[in-house]
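J.: Residue numbers (our numbering): 1404 to 1806.
Just so you know, the hints here were simulated from the structure itself, not pulled from any lab data. Since the model is a prediction, treat every value here as computed from it, not as a measurement. Idealized CB from N, CA, C, for every residue including glycine. Do not rely on the hints blindly, as some may be mistaken.
Here are the in silico distance ranges between beta carbons for each label pair [stated by the list, open to error]:
1) Asp1439 - Thr1593: 30 to 38 Å
2) Glu1728 - Asp1646: 38 to 46 Å
3) Asp1439 - Thr1459: 16 to 24 Å
4) Gly1519 - Asp1722: 35 to 43 Å
5) Asp1722 - Glu1608: 34 to 42 Å
6) Val1598 - Phe1518: 22 to 30 Å
7) Val1587 - Asn1533: 38 to 46 Å
8) Val1751 - Gly1519: 42 to 50 Å
9) Ala1569 - Ala1452: 43 to 51 Å
10) Asn1707 - Ile1755: 42 to 50 Å
11) Val1586 - Glu1728: 33 to 41 Å
12) Thr1459 - Pro1493: 53 to 61 Å
13) Asn1533 - Leu1746: 20 to 28 Å
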Amino acid sequence: MARCAVILLALCALALRMHSVHGLQNLGIIFGIERDPVQKNIFALDFSAGAEIEPTVTLVANMTQAAANDPAGFPNRCFGYVNGATATGPLYEFSPNGLAYDGEARLFFAAFDRFGDTMSRLCFYSVLTNTFEYSTILGDIVLGATFDAKTYQYIWIDEGKEQTEAGILILQFIRLDRATGTVVDRTTNTLFRNVTTNPNAPAAELLFTFRGGDMAVDCNGILYASSVGTGGGFKYFFSIDLDYFTEENSSTSFAYRLIHADPSDGQSPVSSLTGFATADQLAFDSSGRLISQDSERGIFSVVNRLTGANGELGVEGVDFVRLTEMGMLRTFADLASFRDCGLVGACVETEIVDPCEDRVLPILTPAEGGDIRCVAVDGRCRLPGMCEGEDTVDCIFYVLAAD
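Please build the complete structure, drawing on both the sequences and the hints.
T.: This is the structure in structure tokens:
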């Protein structure tokens, strides 16, 4: 096989799809994975036009089609099945879940089954290679997650026991390699300083039943989260400070703050609307707003981070919007943030012309300085004379690496 040297990348039409995400430059973008028992699609949702105009919905990846196109190579454990014992048959509506964007080129998610093997599996979609990859076993069901691009960690909160069983809040971190998406290490945190009423509170376990909520971390390392309050859980909107600005981060010093509490919905399968983001999917859009979605009713609105209030009880088209397709309501199992936190990498973005499709593609090349290393990884490219077929050659491209 021929090999394209990195210096010749401008002559190679990369068999990549970086444009799928990098081409979405408008303010107001988040990602969502749609609730559907057949089609498992990831979309970019653009809310920049405001509540008066229906958001733009752009397909980023069709998981079901990818599996059909490559039945031998597709990681089928990245689907969630109704019957996990056989891993065949109908797909589970709420899986995959735990969608989280790394800020560069990967959309991570957790797949789990309704019955049988209910352990969550971490997978990701690579925008660079237009492929789905399996990463690792996470453990119990993950129904909400976020990604910290600064530390390159996938973050979630364990599903808790019911209130009557006196469970505690458990925050989980998996640090991944920026170049490969493979697991580097895993950390579990069970100690928090509850600063809701006492700024000097000591670190201790937090009696908390987190059930079916979601979370999103901002560029200052403040994680905002909801816990839906159904199935015996708390109905809270709260924050956890991940200690970005301490000289030495200490996992025992995470500060927890309750922002708003609603009465629990008990054993009801559907959470009631209260005008607060206590039961919603959460994601920061590319303009820095915290967006919430009630995944049963398809209500999208903006959250006040100081109070937890959102527009779900307001006027449709003014305070909140819904998405429809051919008259049918569209709802999403989970959302993911699309943020640019200004991290500086030792890669610079340049552009090449794809002679096969007559379009411009951004690529990364190494440069001096930067906070995150720029490393070479193997990929596949098409040469200008190979546009008609599926033949590709080995080539090299650059990505931001793990610390």
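J.: Within 42 to 50 Å or not, the Cβ separation of Asn1707 and Ile1755?
T.: 43 Å, holds
J.: Regarding Val1598 and Phe1518, is the given constraint of 22 to 30 Å on their beta-carbon distance met?
T.: 41 Å Cβ-Cβ, so the 22 to 30 Å window is violated.
J.: Per the hint of 20 to 28 Å, is the separation of the Cβ atoms of Asn1533 and Leu1746 within bounds?
T.: 24 Å, holds
J.: For the range 38 to 46 Å, tell me whether the beta carbons of Val1587 and Asn1533 fit it or not.
T.: 25 Å, violated
J.: Holds or violated: the 43 to 51 Å window for the beta-carbon distance between Ala1569 and Ala1452?
T.: 47 Å, holds
J.: Return holds or violated for the Cβ distance of Glu1728 and Asp1646 against the range 38 to 46 Å.
T.: 42 Å, holds
J.: Quick one: are Asp1439 and Thr1459 within 16 to 24 Å, going by C-beta?
T.: Taking Cβ atoms as reference, Asp1439 and Thr1459 lie about 19 Å apart, which means the hint holds.
J.: Kindly confirm whether 35 to 43 Å is satisfied by the beta carbon distance between Gly1519 and Asp1722.
T.: 42 Å, holds
J.: Should the hint that Asp1722 and Glu1608 are 34 to 42 Å apart at their CB atoms be regarded as holding?
T.: 38 Å, holds
J.: Within 30 to 38 Å or not, the Cβ separation of Asp1439 and Thr1593?
T.: 36 Å, holds
J.: In this structure, is the beta-carbon distance linking Val1751 and Gly1519 contained in 42 to 50 Å?
T.: 47 Å, holds
J.: Honestly, do Val1586 and Glu1728 meet the 33 to 41 Å range at C-beta?
T.: 37 Å, holds
Figure legend: structure checked against the earlier numbered hints; hints not met, in rising order: 6, 7, 12.
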